[in-house]
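Take a look at the letters that make up each chain.
Number of protein chains: 2
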Amino acid sequence: MRLSRHFLPVSRETPADAQIVSHQLMLRAGLIRQTAAGIYAWLPAGHRVLRKIEQIVREEQDRAGAIELLMPTVQSADLWRESGRYDAYGPEMLRFKDRHEREMLYGPTAEEVITAIFRDSARSYRDLPRTLYNIQWKFRDEVRPRFGVMRGREFLMKDAYSFDLDEAGARHSYNRMFVAYLRTYARMGLSAIPMQADTGPIGGDLSHEFIVLAPTGESEVFYHRNWEQLRSLDVDADDPAALQAFVSGLTADYAATDEKRDPAREAAAGDALRQSRGIEVGHIFFFGTKYSAAMGMTVQGPDGSAITPQMGSYGIGVSRLMGAIIEANHDANGIIWPESVAPYQVALINLRADDAACAAAADEIYAKLMAAGKDTLYDDRDERGGAKFATADLLGLPWQLVIGPKGLASGVVEMKNRRTGEKAELSPESALARLIG
Amino acid sequence: MRLSRHFLPVSRETPADAQIVSHQLMLRAGLIRQTAAGIYAWLPAGHRVLRKIEQIVREEQDRAGAIELLMPTVQSADLWRESGRYDAYGPEMLRFKDRHEREMLYGPTAEEVITAIFRDSARSYRDLPRTLYNIQWKFRDEVRPRFGVMRGREFLMKDAYSFDLDEAGARHSYNRMFVAYLRTYARMGLSAIPMQADTGPIGGDLSHEFIVLAPTGESEVFYHRNWEQLRSLDVDADDPAALQAFVSGLTADYAATDEKRDPAREAAAGDALRQSRGIEVGHIFFFGTKYSAAMGMTVQGPDGSAITPQMGSYGIGVSRLMGAIIEANHDANGIIWPESVAPYQVALINLRADDAACAAAADEIYAKLMAAGKDTLYDDRDERGGAKFATADLLGLPWQLVIGPKGLASGVVEMKNRRTGEKAELSPESALARLIG
Numbered sequence: 000m001r002l003s004r005h006f007l008p009v010s011r012e013t014p015a016d017a018q019i020v021s022h023q024l025m026l027r028a029g030l031i032r033q034t035a036a037g038i039y040a041w042l043p044a045g046h047r048v049l050r051k052i053e054q055i056v057r058e059e060q061d062r063a064g065a066i067e068l069l070m071p072t073v074q075s076a077d078l079w080r081e082s083g084r085y086d087a088y089g090p091e092m093l094r095f096k097d098r099h100e101r102e103m104l105y106g107p108t109a110e111e112v113i114t115a116i117f118r119d120s121a122r123s124y125r126d127l128p129r130t131l132y133n134i135q136w137k138f139r140d141e142v143r144p145r146f147g148v149m150r151g152r153e154f155l156m157k158d159a160y161s162f163d164l165d166e167a168g169a170r171h172s173y174n175r176m177f178v179a180y181l182r183t184y185a186r187m188g189l190s191a192i193p194m195q196a197d198t199g200p201i202g203g204d205l206s207h208e209f210i211v212l213a214p215t216g217e218s219e220v221f222y223h224r225n226w227e228q229l230r231s232l233d234v235d236a237d238d239p240a241a242l243q244a245f246v247s248g249l250t251a252d253y254a255a256t257d258e259k260r261d262p263a264r265e266a267a268a269g270d271a272l273r274q275s276r277g278i279e280v281g282h283i284f285f286f287g288t289k290y291s292a293a294m295g296m297t298v299q300g301p302d303g304s305a306i307t308p309q310m311g312s313y314g315i316g317v318s319r320l321m322g323a324i325i326e327a328n329h330d331a332n333g334i335i336w337p338e339s340v341a342p343y344q345v346a347l348i349n350l351r352a353d354d355a356a357c358a359a360a361a362d363e364i365y366a367k368l369m370a371a372g373k374d375t376l377y378d379d380r381d382e383r384g385g386a387k388f389a390t391a392d393l394l395g396l397p398w399q400l401v402i403g404p405k406g407l408a409s410g411v412v413e414m415k416n417r418r419t420g421e422k423a424e425l426s427p428e429s430a431l432a433r434l435i436g
Numbered sequence: 000m001r002l003s004r005h006f007l008p009v010s011r012e013t014p015a016d017a018q019i020v021s022h023q024l025m026l027r028a029g030l031i032r033q034t035a036a037g038i039y040a041w042l043p044a045g046h047r048v049l050r051k052i053e054q055i056v057r058e059e060q061d062r063a064g065a066i067e068l069l070m071p072t073v074q075s076a077d078l079w080r081e082s083g084r085y086d087a088y089g090p091e092m093l094r095f096k097d098r099h100e101r102e103m104l105y106g107p108t109a110e111e112v113i114t115a116i117f118r119d120s121a122r123s124y125r126d127l128p129r130t131l132y133n134i135q136w137k138f139r140d141e142v143r144p145r146f147g148v149m150r151g152r153e154f155l156m157k158d159a160y161s162f163d164l165d166e167a168g169a170r171h172s173y174n175r176m177f178v179a180y181l182r183t184y185a186r187m188g189l190s191a192i193p194m195q196a197d198t199g200p201i202g203g204d205l206s207h208e209f210i211v212l213a214p215t216g217e218s219e220v221f222y223h224r225n226w227e228q229l230r231s232l233d234v235d236a237d238d239p240a241a242l243q244a245f246v247s248g249l250t251a252d253y254a255a256t257d258e259k260r261d262p263a264r265e266a267a268a269g270d271a272l273r274q275s276r277g278i279e280v281g282h283i284f285f286f287g288t289k290y291s292a293a294m295g296m297t298v299q300g301p302d303g304s305a306i307t308p309q310m311g312s313y314g315i316g317v318s319r320l321m322g323a324i325i326e327a328n329h330d331a332n333g334i335i336w337p338e339s340v341a342p343y344q345v346a347l348i349n350l351r352a353d354d355a356a357c358a359a360a361a362d363e364i365y366a367k368l369m370a371a372g373k374d375t376l377y378d379d380r381d382e383r384g385g386a387k388f389a390t391a392d393l394l395g396l397p398w399q400l401v402i403g404p405k406g407l408a409s410g411v412v413e414m415k416n417r418r419t420g421e422k423a424e425l426s427p428e429s430a431l432a433r434l435i436g
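Line by line, the protein sequences are chains V and G. If you read the first sequence in numbering that gives the first Met the number 0, its first letter stands for residue 0, the second for the next number, and so on. If you read the second sequence in numbering that gives the first Met the number 0, its first letter stands for residue 0, the second for the next number, and so on.
Chain V with its partners taken away, still in its complex shape (with noise of 0.2 Å):
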């Protein structure tokens, strides 16, 4: 994409509404625009990079054996009540009638719409185990949204439902979320520490968070330091054996939210406790019979008698999880993108528009990085050399390759890593050839 022609409106000033960093950075990087309060338009580059999160998270669910499908942002009241929820969800839930004075809402989540289309389509034992996910925005009226798309009303969340025979199965569902979660974050870059946790308003017996660490969180956790290795992921997760022990193994360690704090699995941790602020990325439930009990879901088993499915359920914020992998990858000048994120993966400055043969070969450099697949952002613009250094560095795309006059005249391109900071002169054949590899 040539600068010269995007709709990329960066900012020097540090928004003074803005308290956290990844808040400041995407409205600093032109990713985010407020049109309410607790609610945001993706602009161009935040929309590619909401985008990447969300197909990596899909790509995880599939491999998970997760099937999507979509379900509407709008509910009827009358399902809520069928679970009992309505009355008890708080002033959260956005609430309304349409023009005949039926009573809506915007979802907040979808155990109840989930369940009714399950219901109304599984007859048989054969139907079963299955998980069904979708990724689809949500509103939460939150009494004061904060923290950009941290703590924002409408937000895009990945939630997924499995529907099992007996709670064996159940289980083994759960423990295959539990793994493509932790595949998920990895992929990201983010390190995410899975946490026994509260079931809130979903319900349940058993429940992790998923947790990112960061000054900025919103929630104080406690953990072994042996969370702080990296794990490998290595598990074949269709063995449900394998899969139990590969899980039970990594909660051996400690882990815990505030609200669900054991003095003696800290005790016996010791010098190893640690403890710190963290972000909430992620959120499993196994729940049983709660909803498909409430809203007389049954499917005929082989013997012909009615079974009522265990469920659980298994949401992600995709949007949210651009914050915190901003608030995991930054310095003073700006974003530092993982590439399977990243809007971009070069940007290609051209510190002469003026000059023609800084034009040509800047030119063609990013023809062949187009043609190549490799998504460029080439600063064609008019501007001053520093203005296009900051922006680059502020953007935080992983390449910056930079075509000037002197450097030309040599037969040289300069290759900067945005992570690293570490610089090489290459000639531009060197330079193509390591990014496109």
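Certain hints may be false.
Chain copies aren't distinguished; within one or between two, either way the pair holds.
Derived EDC-like pairs (lysine to aspartate or glutamate); straight-line CA-CA distance at most 20 Å [stated by the list, open to error]:
{"no.": "1", "residue 1": "K373", "residue 2": "E67"}
{"no.": "2", "residue 1": "K51", "residue 2": "E67"}
{"no.": "3", "residue 1": "K96", "residue 2": "D86"}
{"no.": "4", "residue 1": "K373", "residue 2": "E81"}
{"no.": "5", "residue 1": "K373", "residue 2": "D61"}
{"no.": "6", "residue 1": "K373", "residue 2": "D362"}
Simulated from the structure, these hints should not be mistaken for laboratory data.
Put chain G on the given structure of chain V with help from the hints.
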């Protein structure tokens, strides 16, 4: 995807409340399920089609130079007061208050939001021209939702907005979208006629609806029979004069909706005048400074003077297109998907799931199709052949590949083209070669 592990609830019965064939077939084929009046969940196969339609729309928008972003679904009433539309827009706008009693709405369109975003970011004539688009859920509270996704309340729309420095530029942006729309529909196997149309609540001087002819369409339309021929869309859209000549050439043939009939042009068409019903699948508008002036948006011109941008907006009903495609592509047995939007390319049918040789042969073919990136729905269920054929025809995948014990004994499988009904007995190798190409 193995059907034994999929979620594809097909039904033999025609739903009593579905009046038109696309609505009936979408319910029967397990593409959608109604969750409230005029609100649908997209089941896995329907979701796949929706994403394919969306992707074609996206690619043609990108090709036309439009830049993707994403606006939220919930908007502030204040923005609509700036444009003066809040009171003018009727009861189709879903209005509500948040927990702090602020007036909000579920966006039926986004002229105000995009104008506010662009106003706050664009400063100079160098920031124009730009066309920005997004593909996002919209809500229009139809008094009588019907025809399934064709006139639903929550629907997926691509909406684009152009900003130009003068009217000539705005006309060029309009013409670019005009051609992009025709290319979009052509890629889905649809022939859509651009018709002069009313501007309705969007406003403006110039507007075209794109209409697919179908007896179940909601509008009465009139057109010159020349529109029944296929048109070449081969034009250089970067050349304003060539593009204008091309668009003028096309629109020289009369075509208008009921509200915009022109007796003189109809008389001139004489015998060549045709009358039909049609489905609107897109609507484009040029409205000059209607929103930019009302909302106080200006940029600084080269001479320092303030310029109020000329705007247009351009909508495609992405979810509605699925209904229109089915209206134009079905027979008594079910849907006949164009290859570009089919949920899967191949229905692989094992006639005897309990026969080891059949299962082994089908498994092998399935593995090869998937390895070649050919989306395949593999019917590996323990069901009668008749039921499997009926499901495949109903679901309408372009190709059916049938593995049975008799054929296998003589080294052949049967390959059927869903559209033509043509069948051939081939060796598995030849069948694979034809499908994979």
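Self-check item: Indices of hints not satisfied (ascending)
Solution: 4
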